[in-house]
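**Student:** The chain contents come next:
Protein chains: 2
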Amino acid sequence: SVNPDLGGERQTASFSVEKLTALLDGGVEQTQIRRAVVEAIESDPVFSRENQYFQTQNERYEAAVRKAVHLQKKMHEMGWTENGPEYKYIYRALSGDVAFLLHRVFMRSISVLGSDRQIAKWIPLATQHKLIGSYAQTELGHGTYLQGLETTAVFDTATQEFILNTPKISAMKWWPGDMGRSATHTVVFAQLYIHGKCYGIHPFIVQIRSLQDHSLCPGITAGDIGPKMNFEHIDNGYLLLKNVRVPRENMLSKFCEVRPDGTYVRQGSQQINYFTMTTVRISLISDEVLIPLKKACTIAIRYSVVRRQSKLKPGEQEAKILDYQTQQEKLLPQLAAAYAFHFTNDYLQELFDRGYREIQRKNFDMLPELHALSSGFKAMITQHCTAGVEICLRACGGHGYSLLSGLPSLYTKILASCIYEGENTILLLQTARFLIKCFMAASAGQPVPPSVTYLAAVKHGKCPAKNKLDFLSPDIYTEAYQHVAVRLTSSTAAKLQDLIQSGVKKHDAWNQCTVQLVQAAKAHCHYIAVKNFAETVEKLETKAGIQKIMKHLCDLFALHGIFSNTGAFLHDGYTSAAQMDMVTAAYLDLLAVIRKDAVPLVDAFDFTDQSLNSALGSYDGQVYQRLYEWAQKSPTNQMSPAYERYLKPLLHNTLSKL
Amino acid sequence: SVNPDLGGERQTASFSVEKLTALLDGGVEQTQIRRAVVEAIESDPVFSRENQYFQTQNERYEAAVRKAVHLQKKMHEMGWTENGPEYKYIYRALSGDVAFLLHRVFMRSISVLGSDRQIAKWIPLATQHKLIGSYAQTELGHGTYLQGLETTAVFDTATQEFILNTPKISAMKWWPGDMGRSATHTVVFAQLYIHGKCYGIHPFIVQIRSLQDHSLCPGITAGDIGPKMNFEHIDNGYLLLKNVRVPRENMLSKFCEVRPDGTYVRQGSQQINYFTMTTVRISLISDEVLIPLKKACTIAIRYSVVRRQSKLKPGEQEAKILDYQTQQEKLLPQLAAAYAFHFTNDYLQELFDRGYREIQRKNFDMLPELHALSSGFKAMITQHCTAGVEICLRACGGHGYSLLSGLPSLYTKILASCIYEGENTILLLQTARFLIKCFMAASAGQPVPPSVTYLAAVKHGKCPAKNKLDFLSPDIYTEAYQHVAVRLTSSTAAKLQDLIQSGVKKHDAWNQCTVQLVQAAKAHCHYIAVKNFAETVEKLETKAGIQKIMKHLCDLFALHGIFSNTGAFLHDGYTSAAQMDMVTAAYLDLLAVIRKDAVPLVDAFDFTDQSLNSALGSYDGQVYQRLYEWAQKSPTNQMSPAYERYLKPLLHNTLSKL
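Protein chains in written order, with the working numbering: chain A, 1 to 658; chain B, 1 to 658.
These aren't lab readings, by the way, just hints derived from the structure by calculation.
In this list, chains with the same sequence are indistinguishable; a pair is considered to hold if it fits within one copy or across any two.
Listed next, the in silico EDC-like pairs over lysine to aspartate or glutamate satisfying Cα-Cα at most 16 Å (straight line):
#1 531 to 479
#2 74 to 39
#3 466 to 581
#4 495 to 589
Start from the sequences, fold in the hints, and give me the full structure.
**Tutor:** So this is what it looks like as structure tokens:
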């Protein structure tokens, strides 16, 4: 039975939830395929996540390995293949709670960086799981700056082998997933030395554990790096190499080869490596970043119409907390962001597919733009979504703090996305470097990529809005965002030039501008996200109320961004104080409008209770019953030795009943 | 041996670290007492926290009980008493990792709310630990809004007992610490009914577990609420009451009494209850909020001078990450905030002490101001410090995400402070209510409490700064903060009146202004924090370089607040865009200045390695060695059954060595 406080919210939906779900999935057929995958996974008890919040790190790891192994069987049983339409839904259906994700990265790196012969040897072995692969790049002392990696691989012409070593503790491989306990093989990135000369970082396939008994191979020290904020199910590992020899054939050699005599030959383009990073950054947005925010919104919004607290009107029943303006102001902008970034992700995917086609035709022109956009948006979206999940958690008060709400684990997991695959500040600075370059080029009348042509068209006008309703016009707010992005880029470019002209060295000048460069990169991404949302809304069918509610969300996303960052818009007078008051009024009005559809809008994400794994977010809204029943199963309700050991002696037993 | 990258930072300190430590402690004698307590606690292996990050919730609980029991012995041994000068340092030395904290709340509530007879009966029993107390207020469905609590206590004149019941699931007590597994007694807050009439919420002492064998008493259902984001060492519990009878004498009756015939007598002032909440809110700031931020700053800043990544200048060694402007911009404002709020806390303590003296003289005039300030600052400081700890965590990249950095547990613990003892949004709205009331009174020429007299003196001038150095003048920035606080309060008061005059009902109008009311309350607290920091700096002795460095931090705290919230200062033109550019320039300049003293500034917090419990933050900066050694001890490096069970069958054993 559905909690009537929640049920009532669904009866007044202004649009068709089912149609919105299909829109998000990319069509009715996709929804059907997704649901079939979810059904098959969730009905299989091996994939249960019921005990997850009670498990130790060891138990989580063991369950993840068990699931990974069972998944092979399941896929065979269901007829799912890696190239089939179901594949992309499996990970989502498992909520990522499975081992051997790095095995796929191992395979991808061989496919991309390996020679045809290497691919022919290793990929079938990996596909049949005759080995378990990992990917060993990051070191204890080195992350972002790959050139700084310290692991060495010295070529020995006498034996035709590479000798791999960890010369000091900071060179130890640290963090690679699946490496702590599972992997038998890994791709090690090391500085290549031939005849005493360093040729930079290259990838080597190294066996680290015996295929007979899983013991560590000679010269290998490896283990698990211990507890983390989340990812208990993954055995992130460390690896020390001491004179580990691998044959010459184990250096991945699509682009670089070492001949038997030690001659080093570079061939093909290195640019493709950037494209691999771009792929990973774009692909993580959907599964690792958007889904946690969508889940957090679902949990927090459903809870906020079930939870009643304090009185809005004297003499009445306690009010649903979502009826408080402050609660709306916490949650609804996160909901709008979830939709906004969903469409940003579509935009990036499309751009990426186009880029991929061009690259296949040996045209690398789109690479810089793709790199800048994927870097900037990876940083911007992970940052916004992480903050959003945290807001959802806090907005649920004490119950949000219980692991049983599901929110803490969503938060601690999404937080990592701000760090992995490129630390966000570094990524934003890469985007900024692209912006500055393009701005200079555009100023000099040279052509620039499509996403930054706007930098050339600097307008010095004022925002034309006359009343608060004008701020519901996408042209008005999109232009305001554009104006800010141009202003921040151009003013930082000017500061940079001024510093250099005044004699500051180029790298110092750059460093002195980085805080503002980060702001410019964020403004650029925010502008594109707003513009893309507005364009998406325009193209939606006008039926079924979907365009209307999406328009509201787009407006909210845009106005929330202005409301939260008024200084950027007020700074040069583009927006006046009076107009800013209109923005505030329009923004607060929108909260009350969207609040009415808040529950249908999260229902459209179509998460099952199992995938939410939350006592607060279930479809039926029976929050208190669920919390109570679940808590009773906690291992903390088993008999504790603390009483006999410590409490009994303390309490003296002098009193029977006070 | 100290890592030379860290050691070098200490040689160039512009001030005496030891003198700054003494200033923070409140005198050299206090530093001595504190260090003696720390030494005694840390040299005792029972209090070790070494395995904390590896322990399960059950293990954490058991260790905390063990420590609590051992602490009694230790105090006796050391001659420490609850009224002695050492007492306040014990909790800090234990990093709060100890059980029975609610036992003290149990005792305090009896002392404050109990009659002399009740105090005489219960306090000695509690002091001698002949019972373990708890405090059962919050319910599954009710937190902030106390009037909404649903537990009932019906007076039975026939037996002279109260009959306590949990009428429905949402009325179950939920969250009380020490109640899940330890407590034998608790103070239950319940709606009092006499002859069918409800008299509101009253406190009752209820025994919940046998003193013989610790089994639950008749009619009691109780247990642990399960896993949380932190506080694994505390057995937060649930409690269901079914016709539980307690004698008439168990209702705490300093202010209200039920006579044998059922006559209800109220006596004394209820206002004192607010004062209790005020006490708790102020007392938690120091231990639960400031210390985690100070620890996080210590860890992140020490790590940032040891970690080298990428090159600042081409051809040079990789740079310390603290030399990057973006890293300074993350960490140094948090350091400045830690100092700012340290002095805010001193200010609140002093105000509180003054208030307490007045109350003892039966003068309750200061209560509203104290309530408003303690509520607003509890919210503001917990929010800032929580965000600050998160920034420190993220600023350490992947290693910050490891539990061994110490940062995740600091974050997950401080986060709770935003929720407990009054949810922050609710608290800010209480402050805002006080502000609006005082603003109206001041506008009508009536007297208002000292902290808000500035609301009466609305100035419509402009910021007089002419260049960036002017923004290093406390008068300039303090006045800017004051201006913003007045503007936000007055404009929201105007909006509220407009709405009411246009026919909107009072409670609806209030709700429609709450987003802006929260902004006004924050601006008020921020203004007072800046003003107080500036006044504190002024009073410091000019010797030993301390005043100079504190002045820099005060400037940074103030300018960071403006830089992060430019819109509020630009809005009505009080600050011009040109002036805002000066703020930015002055702010960025300050980062480079304070960076030089960053390590000495965190050294002055004087945390031992044991209390930091961090692989990144140790005094000697041997980060990588410590991470490696510690990780090896993780239970995840014990033999796992996963290989035999799942991996071996998967790997087929068809290959011996590839």
